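Take the given structure of chain A and dock chain B to it, following the hints.
Number of protein chains: 2
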Amino acid sequence: MRKLEERILKDGKVFKGNVLKVDSFLNHQLDVGLLSDIGKELKRLYNDCDITKVLTIEASGIGVGCMVAQFFDCPLLFAKKTKTINIKGDVYKSQVESFTHQCVYDIIVSKDFITSDDTVLIVDDFLAKGNALNGLIDIVNQAGAKLAGCGIAIEKGFQGGGDKLREQGIRVESMAIIDKMDDATGEIVFR
Amino acid sequence: MRKLEERILKDGKVFKGNVLKVDSFLNHQLDVGLLSDIGKELKRLYNDCDITKVLTIEASGIGVGCMVAQFFDCPLLFAKKTKTINIKGDVYKSQVESFTHQCVYDIIVSKDFITSDDTVLIVDDFLAKGNALNGLIDIVNQAGAKLAGCGIAIEKGFQGGGDKLREQGIRVESMAIIDKMDDATGEIVFR
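Chains as they are written, first to last, in the working numbering: chain A, 8 to 198; chain B, 8 to 198.
Bound-form chain A, shown alone:
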């Protein structure tokens, strides 16, 4: 999506360790107009899929998830991160390794809100190694729901997570895919 690429070039900042800071529009301050455009584009791409639920992960997935869900006229469900081992109630659980925080945490989704009748679109702000997505896909599979695919704002293509998922036959639509970025020069190259 050209508009997102232009915004990344304008306001994104590249830091050491493959970090792209986009907190002025995507994950601290949110440009809801831009997120709405992402929702519109994902609706176009997944229009024939009869999506019944958009699934994301707290916290920074919730914004884009909400704006996407309203185009599909379906609820947004967000997985909660937890360090608690004993969860009250009946939940699906998976494990995610965090690239940003360098730790492993559990993600949980209540069994009440995802069933084998659902067709799910997974949405997130970032895709790097694919750890969060793999956890969410695991939960969709545990529920016996149908996975339509994934809709991502920014994919860091050079970290390989997106292509690994595509090789498994999973549909991944990213609004911007970065193939190269350089913290010394600030250069960002899109696929």
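Check before you lean on any hint, since a few could be wrong.
One copy or two, either will do: identical chains are not told apart, so a pair holds if it fits within one copy or between any two.
[Claimed, not checked] The calculated DSS-like cross-link candidates involving lysine-lysine, where the alpha carbons are at most 27 Å apart (straight line), are:
(1) K28 <-> K88
(2) K187 <-> K28
(3) K88 <-> K136
(4) K10 <-> K136
(5) K100 <-> K88
(6) K17 <-> K28
(7) K118 <-> K20
(8) K136 <-> K20
(9) K10 <-> K118
(10) K20 <-> K153
(11) K20 <-> K100
(12) K100 <-> K118
(13) K153 <-> K187
Derived from the structure by calculation, the hints contain no laboratory data.
Treat the numbers as computed from the prediction; the structure is a model and nothing was measured.
Just chain B now, kept in the frame of chain A:
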């Protein structure tokens, strides 16, 4: 807002310790249509206030915050919860005592995204004792920004936080105010 009250009566569950579980539409699974109606109503109420920024707190404030912000055509900014003491970059910081998790945590907002030129509407899913709101108001004051008021989905009126804020002259608009709830009978009484 009648529609929200009806939904609380239909799907809300009262538990011991003044807990109202509304995770089927407000803070795990989100009914984005309902959140959009809340946005529309807050736009009506704060229409004359020239809001330049909607401020909330992660995670469950982000959904309603996004849907509200799009009606004001302004960004959503969400405060991050952190246990980290040394924060990189220049941030406003305040402390919040959590009713749900019974702990104290820091909340932070980057100084880049809130300034004395801003007129801020604070939005959150719940208002109980007002701890989270007080932290957010503290940050608005630190930034020298103007506070238009607060927009809340569900206020637990019997816990007094909302009325304490109103006594201080702060405008608080809640879409549903619960004056009484009983975990034995499941009864919920609105103001």
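Taking the hints in turn, this is what the structure says about them:
no.: 1; hint: K28 <-> K88; result: both (22 Å within a copy, 18 Å between copies)
no.: 2; hint: K187 <-> K28; result: within (15 Å within a copy, 45 Å between copies)
no.: 3; hint: K88 <-> K136; result: both (18 Å within a copy, 25 Å between copies)
no.: 4; hint: K10 <-> K136; result: within (24 Å within a copy, 42 Å between copies)
no.: 5; hint: K100 <-> K88; result: both (10 Å within a copy, 23 Å between copies)
no.: 6; hint: K17 <-> K28; result: within (12 Å within a copy, 42 Å between copies)
no.: 7; hint: K118 <-> K20; result: between (39 Å within a copy, 17 Å between copies)
no.: 8; hint: K136 <-> K20; result: within (20 Å within a copy, 39 Å between copies)
no.: 9; hint: K10 <-> K118; result: between (37 Å within a copy, 26 Å between copies)
no.: 10; hint: K20 <-> K153; result: neither (37 Å within a copy, 29 Å between copies)
no.: 11; hint: K20 <-> K100; result: between (34 Å within a copy, 23 Å between copies)
no.: 12; hint: K100 <-> K118; result: within (10 Å within a copy, 37 Å between copies)
no.: 13; hint: K153 <-> K187; result: neither (33 Å within a copy, 42 Å between copies)
Violation of the numbered hints given earlier is confined to hints 10 and 13; the remaining hints are satisfied by the structure.
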